[in-house]
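Colleague: In the order they appear, the protein sequences are chains A and B.
Be aware that the first sequence starts at 0, since it is given in numbering that gives the first Met the number 0, and climbs by one per residue.
Be aware that the second sequence starts at 0, since it is given in numbering that gives the first Met the number 0, and climbs by one per residue.
Each hint should be verified, as a subset may be incorrect.
[Claimed, not checked] Calculated cross-link-like contacts (lysine-lysine; reagent style BS3-like; alpha-carbon spacing at most 25 Å):
#: 1; chain 1: A; residue 1: Lys230; chain 2: A; residue 2: Lys248
#: 2; chain 1: A; residue 1: Lys194; chain 2: A; residue 2: Lys230
#: 3; chain 1: A; residue 1: Lys74; chain 2: A; residue 2: Lys28
#: 4; chain 1: B; residue 1: Lys286; chain 2: A; residue 2: Lys106
#: 5; chain 1: B; residue 1: Lys136; chain 2: B; residue 2: Lys31
#: 6; chain 1: A; residue 1: Lys112; chain 2: B; residue 2: Lys31
#: 7; chain 1: A; residue 1: Lys129; chain 2: B; residue 2: Lys31
#: 8; chain 1: B; residue 1: Lys25; chain 2: B; residue 2: Lys136
#: 9; chain 1: B; residue 1: Lys286; chain 2: A; residue 2: Lys74
#: 10; chain 1: B; residue 1: Lys58; chain 2: B; residue 2: Lys286
#: 11; chain 1: A; residue 1: Lys2; chain 2: A; residue 2: Lys129
#: 12; chain 1: A; residue 1: Lys74; chain 2: A; residue 2: Lys2
#: 13; chain 1: A; residue 1: Lys28; chain 2: A; residue 2: Lys230
#: 14; chain 1: A; residue 1: Lys129; chain 2: B; residue 2: Lys58
#: 15; chain 1: A; residue 1: Lys129; chain 2: A; residue 2: Lys194
Hint data in this document are derived by calculation from the structure and do not stem from the laboratory.
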Amino acid sequence: MSKIRAAFAKGKAFIPFITCGDPDIDTTKRVIHEAVRNGADIIELGIPFSDPTAEGVVIQSANYRALRNGVTTDKIFDMVRELRVDIDIPFVFMTYANVVFSYGAEKFMSACKEISADGIILPDVPFEEKGEFLPVCKSYGVDLISMVAPTSEERVAMIAREAEGFLYVVSSLGVTGVRERITTDLAGIIESVRKNSDVPCAIGFGISTPEQAREMSRIADGVIVGSAVMKIIARYGTDSAGYVGEYVKTMKDALR
Amino acid sequence: MSGRFGIYGGQYIPETLMNTVIELEKAYNHFKNDPDFNAELSSLLNEYAGRPSRLYYAKRMTEALNGAKIYLKREDLNHTGAHKINNVLGQALLAKRMGKTRLIAETGAGQHGVATATAAALMGMSCVVFMGEEDMKRQALNVYRMRLLGAEVVSVSTGTGTLKDAVSKAFAEWTSRIIDTHYCLGSVMGPHPFPTIVRDFQAVISREIRAQVLEREGRLPDAVIACVGGGSNAIGSFWHFINDSCVRLIGCEAAGRGVNTFETAATISTGRVGIFHGMKSYFCQDKFGQIAPVYSISAGLDYPGIGPEHSYLHDTGRAEYVPVTDEEAVNAFEFLSRTEGIIPAIESAHAVSHAMTLAPKMTRDKIIVVTISGRGDKDCASVARYRGENIDE
């Protein structure tokens, strides 16, 4: 069993998303430590991209701030290497195809293996294009995380059958961002996943409150929260760690 | 693999859009062979857009350059003043047949936005155009035209506030509203099937050039020159000559202040292979794959990528891509205005400029066709500004 799947075996998983380097790498490190200490089961680490087309305004701005402050893929790898001294939970990178392609997929995945990064999410690489990265992910033991969306319909089965690590269930149409209500028939989507695979399902996009998290955990194996976390970081900047920690605790408690 | 030009192209888009582009591909493959669809499109192109466009022998330009004989393909004479209408009428008709009631589009110079707003007005569809806030300043006249035609123009301030950001915003909008909406992409870029659909709708340009030049000269031209941003008028001008290796195909990229500066948009000259906006192609980017902020005086060429089929034609050597600076384009803009009484779009002036370089090196029995992709009224204020003169639009 991959480390990612094992993380779901302990109960409903809480997965916070953090844009690396916003506002700086030192803050990101402290935020990650606090998130782990307060019960995060997996951390999704965003490698900033100049044109994050799947993101709403909150994470977009986080990407711009991080890049303006000089973060690079190499600096993020160095950060993860240092964090690995005392953090053992799975790290999953989230970035865009060009960041990996331009770095060299082989070199990128080899670095992931060396620093024990467990998976990668590429929102602009759908099922039809995963051959671009999958072979090299496999050879370095990095789970390429698949996504299903409210519009996937008959594609869910095909995607679920080949999913690795966990399946990222996109809750709503559009880009990332806090939503008051989620109206998609997620139970229906997850039911068709279960018919085809035993891969854990984590729901993301739009979740911000403990109530939403609890509701989602009734049908899914975990929840992913990005914009709500990055809003805290946008507000408190280098003092964010404690506030993110408190938030993670509230969310994790809602899932217990 | 479907939708590939060599290694280029593909469908690098969020899962949310996959069924939508698959549905679009199916609809296109069906309607492109449908006699009713094609009859309606031909009628619109001829009766409404004014096709076929003229192939004009530029006698005074030819004499001034004292070399190859120059013909201008007058896409600037189309309704709405540019080649963009060819693609838009095709896509709007397709969207309508698919049951869509709303068109969204990105625009740089505003020509594609105006064309989309025009087609939406004609077909009774609603229309939203995304435009970078920088471009809205540079192309205020076209913003007014779009609104006059009933479209909503949304200012995009993210990133560099130019064409690239307008494309991102249009894709994001499509991801959130699919059922009633077609994204009418304006160039031969983005995920499959767009590069193919747009090329097919623009191929009318080279189909006409070929017939017109054969009729006039009894032979094929020696070179066809067009400007390239995403590359729709260029691929349209090249397409029916691709198998004629005797015809040089030359795309002119916007070099801005020069390919050795950071203020350039010359993708083939300064970029490398990457994956962005749904496609694998050449992109201007840094060593970590961050897309570079690009610059050109021409809002329509101010884009950090190029259509995937152009990347393929470049790699195979079938087409050549040359950089043309702001200064050269402005000179050509003024030259064509004074010599032929034709004010070209600043985008098209990039192609005119290269013809001015090339023609004198060729003998008088040679033939060059330059595509004038659009008219230049929209650019008068910014060219005046470039020359240090402020005029009120």
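Colleague: Would you mind marking each hint as holding or not holding in the structure?
Modeller: Going through the hints against the structure:
no.	hint	result
1	Lys230/A to Lys248/A	holds (16 Å)
2	Lys194/A to Lys230/A	violated (37 Å)
3	Lys74/A to Lys28/A	holds (12 Å)
4	Lys286/B to Lys106/A	holds (14 Å)
5	Lys136/B to Lys31/B	violated (38 Å)
6	Lys112/A to Lys31/B	violated (48 Å)
7	Lys129/A to Lys31/B	violated (30 Å)
8	Lys25/B to Lys136/B	violated (39 Å)
9	Lys286/B to Lys74/A	holds (14 Å)
10	Lys58/B to Lys286/B	violated (47 Å)
11	Lys2/A to Lys129/A	holds (21 Å)
12	Lys74/A to Lys2/A	holds (24 Å)
13	Lys28/A to Lys230/A	holds (17 Å)
14	Lys129/A to Lys58/B	violated (54 Å)
15	Lys129/A to Lys194/A	holds (22 Å)
Comparing the model with each numbered hint stated earlier shows that hints 2, 5, 6, 7, 8, 10 and 14 do not hold.
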